[in-house]
Amino acid sequence: MCLGIPGEIVEFLPDQPDLAKVNVSGVKRVINVGLLADDMPKPGEWVLIHVGFALSKIDEAEAAAALSFLEGIGQAYADELAALADSRIE
Amino acid sequence: MRFVDEFRDSDKAHALAAKIVGLCEPGRQYKLMEVCGGHTHTIYKHGLEDYLPEQITLVHGPGCPVCVIPMGRVDDAMALASQPDVIMTSFGDMMRVPGSNGSFFDAKARGTDIRMVYSPLDSLKIARQNPDKQVIFMAIGFETTAPSTAMTVLRAAAEGLDNFSIFCNHVTIIPAIKAILDSPDLRLDGFIGPGHVSTVIGCRPYEFIARDYGKPVVVAGFEPLDILQSIYLLMLQLSRQESVVQNQYSRVVPWDGNVVALRAIGQTMQLRPYFEWRGLGFISHSALKVRDEYAKYDAEHLFDVPGVRVADPKACQCGEVLKGVLKPWECKVFGTACTPETPIGTCMVSPEGACAAYYNYGRLTRQRVKEATTS
Ligand code: SF4
Chain R
1 MCLGIPGEIV
11 EFLPDQPDLA
21 KVNVSGVKRV
31 INVGLLADDM
41 PKPGEWVLIH
51 VGFALSKIDE
61 AEAAAALSFL
71 EGIGQAYADE
81 LAALADSRIE
Chain D
1001 MRFVDEFRDS
1011 DKAHALAAKI
1021 VGLCEPGRQY
1031 KLMEVCGGHT
1041 HTIYKHGLED
1051 YLPEQITLVH
1061 GPGCPVCVIP
1071 MGRVDDAMAL
1081 ASQPDVIMTS
1091 FGDMMRVPGS
1101 NGSFFDAKAR
1111 GTDIRMVYSP
1121 LDSLKIARQN
1131 PDKQVIFMAI
1141 GFETTAPSTA
1151 MTVLRAAAEG
1161 LDNFSIFCNH
1171 VTIIPAIKAI
1181 LDSPDLRLDG
1191 FIGPGHVSTV
1201 IGCRPYEFIA
1211 RDYGKPVVVA
1221 GFEPLDILQS
1231 IYLLMLQLSR
1241 QESVVQNQYS
1251 RVVPWDGNVV
1261 ALRAIGQTMQ
1271 LRPYFEWRGL
1281 GFISHSALKV
1291 RDEYAKYDAE
1301 HLFDVPGVRV
1311 ADPKACQCGE
1321 VLKGVLKPWE
1331 CKVFGTACTP
1341 ETPIGTCMVS
1351 PEGACAAYYN
1361 YGRLTRQRVK
1371 EATTS
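So the protein sequences, as listed, match chains R and D. Just so we're aligned: the first sequence equals residues 1 to 90 in our numbering. Just so we're aligned: the second sequence equals residues 1001 to 1375 in our numbering.
The set of hints was computed from the structure by calculation and includes no laboratory data. Where is the CB? At the ideal position from N, CA and C, for every residue including glycine. Mixed in with the good hints, there may be bad ones.
Cut-off 25 angstroms, straight-line C-alpha distance, at most; resulting in silico cross-link-like pairs (BS3-like, lysine-lysine) [said to hold, decoys possible]: (1) D:K1012 to D:K1031; (2) R:K28 to D:K1125; (3) R:K21 to D:K1125.
Derived contacts from chain D toward chain R, CB cut-off under 10 angstroms, selection only [what the hints assert, rightly or not]: (4) N1130; (5) G1195; (6) E1223; (7) G1281; (8) H1285; (9) K1289; (10) R1291; (11) A1295.
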């Protein structure tokens, strides 16, 4: 839950400017990007996601580093990804 | 992984280590605290202590949110969850935290309706689907997760959902650091500042540590080289008798934090006069509750919460570990009665807890460093 997960913005949801579809290690889910209202990311950009909310914009190098940190954590990251896969934010 | 190598280059690590050694004053011992559990994890996983001279000790701080939840709050949550027509939702990390009658997982097995969610927003969906039930989200975490809870409350209010509330256990990191600074048990020389919390609060809130306590603070990233670099920056300040706040993780952490997130927290939550932390006791103004304007979404307002205080199990020394007074393996039950599978204390539950991190990696450290330096 404390893990910041990197995700790539795929697209924004029509009519819901706060919600965006992201790609996290191949899992595509909807997250809330409202906390980045001052500097909205664009499709193709990366964000660090905490419990369904993008908290900061990051570049691709940072995303790769964050991902490998998470993969190193092992089971906890697997659990977090599984939880994300079950998530249905709308 | 070209990108990652940049943060992991072992030549660079050894070069930094050599520079750190060069900054140690002969005969002086240094204690640096990493506040955040994510850092604790990296330190053990990569055996960073073995890169450091023996004069430097890394002390593991209280920055693991499930580790600091007192048992009484777990029991209170359980009491809420077992009310009729209540669905409790919780992050996975919280599910194994022991209360005096077992964990959420145990309660779930006994038939209590507790559901694991990835995001507080997932609880809203459960509330919409179950209009005849009250859905209570077990809100925990530092400033990293508090904005998400705040935004979820705002969303519930905007939708007019009236069967959703939160049991708010959000804690704030600054008062905990202050409590540690004021504690007579421990003399620290500097702080490796938390990374993700700082994306929200920024670097300014740490300024009192440098100004009033004369201790340097370096906000750090999570890669091994980030942490070594931050230790180097701390040692450089100490050698020059300086104390300022530096941001080693500026590629992610803005100096002023995330203003939208802070606003959302301020709009929906206010400081509690005091809150109990596991192992650290009561700390004033160290936690958040739902603002009166949003009392409709506050489980403590809607339901009777027993508010019990439960002493930690006798064998448990998490308090000393959280304050950095004891190393995990110095706890009497470490690795025997207390393991990640059967945690007695909270520090063994989350992978960011010092005990779990050490249990998983610490024992491998020396071996790995030997391999890395001989290959
Ligand atoms: S070994 Fe277990 S009981 Fe002892 S300090 Fe660690 S988590 Fe707490």
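Here is what the structure says about each hint:
Between K1012 (chain D) and K1031 (chain D) the CA atoms are separated by roughly 23 angstroms; this keeps the pair inside 25 angstroms, and the hint holds. Taken as a hint, the K28 (chain R) and K1125 (chain D) pair is honoured in the structure, with Cα atoms around 18 angstroms apart against an allowance of 25 angstroms. Distance hint between K21 (chain R) and K1125 (chain D) is fulfilled; the C-alpha atoms sit about 17 angstroms from each other, no more than 25 angstroms. The beta carbon of N1130 (chain D) comes no nearer than 14 angstroms to any beta carbon in chain R, farther than 10 angstroms, and the hint placing it at the interface is violated.
Against a cut-off of 10 angstroms between C-beta atoms, the interface hint on G1195 (chain D) holds, since the closest Cβ of chain R lies about 8 angstroms away. Because the beta carbon of E1223 (chain D) sits about 6 angstroms from the nearest beta carbon in chain R, less than 10 angstroms, this interface hint is met. Nearest Cβ of chain R to the Cβ of G1281 (chain D): about 23 angstroms, over the 10 angstroms cut. The hint is violated. Below 10 angstroms, beta-carbon pairs count as interface contacts, and H1285 (chain D) has none with chain R, the closest being about 22 angstroms; its hint is therefore violated.
For K1289 (chain D), the interface hint is violated, the least distance from its beta-carbon to any beta-carbon of chain R being 19 angstroms, above 10 angstroms. Given the 10 angstroms rule on beta carbons, the hint for R1291 (chain D) is violated: about 19 angstroms separates it from the nearest Cβ of chain R. At about 23 angstroms, the closest approach between the beta carbon of A1295 (chain D) and any beta carbon in chain R exceeds 10 angstroms, and the interface hint on this residue is violated.
Consistency with the previously given hints fails for numbers 4, 7, 8, 9, 10 and 11, ordered from lowest to highest.
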